[in-house]
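Chains as they are written, first to last, in the numbering used here: chain A, 3 to 491; chain B, 52 to 281.
Since the hints were derived computationally from the structure, they do not count as laboratory data. Given the structure is predicted, the values throughout are model-derived calculations rather than measurements. Cβ atoms here follow ideal geometry from the backbone N, Cα and C, with glycine treated the same way. Check each hint, because a few of them may be wrong.
Below, a list of computed lysine-lysine pairs in the DSSO-like style, where the Cα atoms sit at most 27 Å apart [stated by the list, open to error]:
hint	chain 1	residue 1	chain 2	residue 2
1	A	347	B	229
2	B	258	A	397
3	A	310	B	229
These stretches of chain A come out as covered by chain B in the derived footprint (C-beta under 8 Å, 3 or more residues) [said to hold, decoys possible]:
hint	stretch
4	222-230
5	356-370
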Amino acid sequence: MQRPRLRAMTSDLRNRLLILLVLPLLALALVGVWLDYRSADEAAARHDQRLLRLLPALADSVLAPPIRDSEPPLLLLAPPVEDFLRQHPGYAAYSVRDTSGRLLLGDAWVQPAVPTTQAPEFHSLEYGGVTYRVAVQRGRTGAGELVVALADGSDPRQQWAQQLLLRVLLPNLVLVGAAGLAIHWAVRRAFKPLVDLADAVERRSPRDLSPIDEAASPAEVRPLVHSLNRLFALVNAQAEGQRRFVADAAHQLRTPLAGLQAQVEAWAMMARASVPAPLPLNFDKKHPPALDGQVPGAIVLGVEQIEKLRHATRRTSQLAHQLLALSRADARSLDAQPSQRVDLKDLCEALLESFLDAATGKGLDLGLDVQSAHVAGHDWLLRELLSNLVDNAIKYTPAGGVVTIRCGVRHAMGLHRVFLQVEDDGPGVPEAERGRVMQRFYRVPGSVGEGTGLGLAIADEIARVHHATLTLGAGAQGRGLVVTVVFPP
Amino acid sequence: MRLLLVEDDVMVASGIKLGLTDAGYAVDWVGSGERAEEVLRTESFDAAIIDIGLPAMDGLELTRRLRRPGMASPAMPVLILTARDALHDRVQGLDWGADDYMVKPFELPELLARLRALLRRSQAATTAVLSFGPLALDTAGRRASIRTDDAEQVIDLGPREWTVLEYLLIHAPKPASKDKLLQALTGWDKEITPNAVEVYVSRLRGKLEPHGVALRSIRGFGYRLELHAQ
């Protein structure tokens, strides 16, 4: 579930990096364009200057008025003008007109408006797909007042505009694209250690708070691993503190509960023995209530009330016991204790003995189906596990039911798997509820009986400590509940 | 039956005392190991119930001391009570001379059942008579009898039937496994089959069930002696 989030994070970061990098790149490109334009502008200004210098030379080139009216005036191109025209063949042209605009010499298309003053003017002219810079001046020549014009198609400003796309924008776009790809690749590369670390953390079970190997982590994420380990240690310490608190609290509760239970049990026994005589109750600790009931301030409790009281006391005692068992079944507190070889057959027989009376009292047939089997584990924990399973089976199976404790070795796929199983033919657990009944204090809605909702949670926890798997299933003919604990080979 | 209860918690002690008194036992209650040692030196009890978590001298130490010569009868059963449920304490308690243990908080009927079993075994050790309800097995005289009202009826048992019944009686009210019964029988027969146990059990049933003593089969395990209300 975390992976996609991390992916989203990296792509988010990638986008941000892209934006952060591409925007300055674009700005740089614009500055480049501007600078380029500026330099083109300067070059253009130099061109203009040159055209301006050439205009008088052109004017001077008109030496004399035409001999005949129909002929053009005599023209002898000055060397600078000749050079100019030769330098840019096809891109340079000139024209000489009279003040009325009639073409006397040069190209007809070089036809700017006739200036009204003597000052030189600049125009742009489109001809043959080329934009020309045209300088025009009205001035005195050898043939009287004429209008001379020079057209230059090599105008840098015009060329700049044409080449803008190719020369300026394209490299920048390529640069931006390349930067994008580079960022994509780099972010992936840069985040790989982080993604790997996230994977490693992801694969952990929520109970595994052991430190991540710092030395084996990539250098880039080592500080993060260090911080994570520190956090794990803190959480561990806190969980440990909490576990110890629950254990202490449960432990401390047991002595007063033992007192309470001993009292109530005694009253219950006396009450049953002396039915229907009511039982006196007083609160003076030092002198237990006497049977004669002559104590001042005594109240009278009926047998039924005492039974209820006893019932509640037993439940409370069981809860305290289970809380203690649960806190002790914690993997972390067990590391110190060595595991021993546990005879499961003995365990099943011992459990049968201790639950026989309860089962008989409820009219259940409690039986065994055991073969010799051993596991390495903690004897008292496995006893607690099985005891919770049997206790549940007895509690939830109605009178006349059958409860069977099994153990043995299964042969599956060439592996010997030791198992422990409790089957009953009670109401069972619906498939949808099976995942949830393992949760602490969860009880199947509508279930009868006096469970605390901790039994299966404890069993599951203990199975986990033994690296075994606890599964719930339906019994034979789909009835009842089968709880199976399979131990690792 | 006189019992010694060593327990420092007033609530627990008064509850147990109340229950035991109600069940017909005479109970002497002391609150410390030192006081218990003193009392045990001068007086005798049929059984002792000792809490492990005593203030100065703990219950384990007391159990160890009372097993010394001149303190109490070696046959006196000791049942220890503990709020600690670590295996270590239980094993140590049993190693140091306790006969059984119970973890607090406990249910009084269970305490009574365990106490009865302990007392029956210790009595058998001293008087050589194992009894269960109306059934009595005089192991010295090898005589089995059933009390009915005021009369006593002798039951004729074969040697293998005797072995099975003796084993069941020693363990009552706990069930006895078929394997263990088979082991007990191999003293008589080297090549005995598991079926033999069933044969002797069914013969015993024929002799005992008319008198209200049942041998209940425990599926997959063995048998248990039970009393049937008549």
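Do the hints match the structure? See the list:
no. : hint            : in the structure
1   : A/347 <-> B/229 : holds, 13 Å
2   : B/258 <-> A/397 : violated, 36 Å
3   : A/310 <-> B/229 : violated, 39 Å
4   : 222-230         : violated (count 0)
5   : 356-370         : holds (count 6)
Hint violations for this structure: numbers 2, 3, 4, all remaining hints satisfied.
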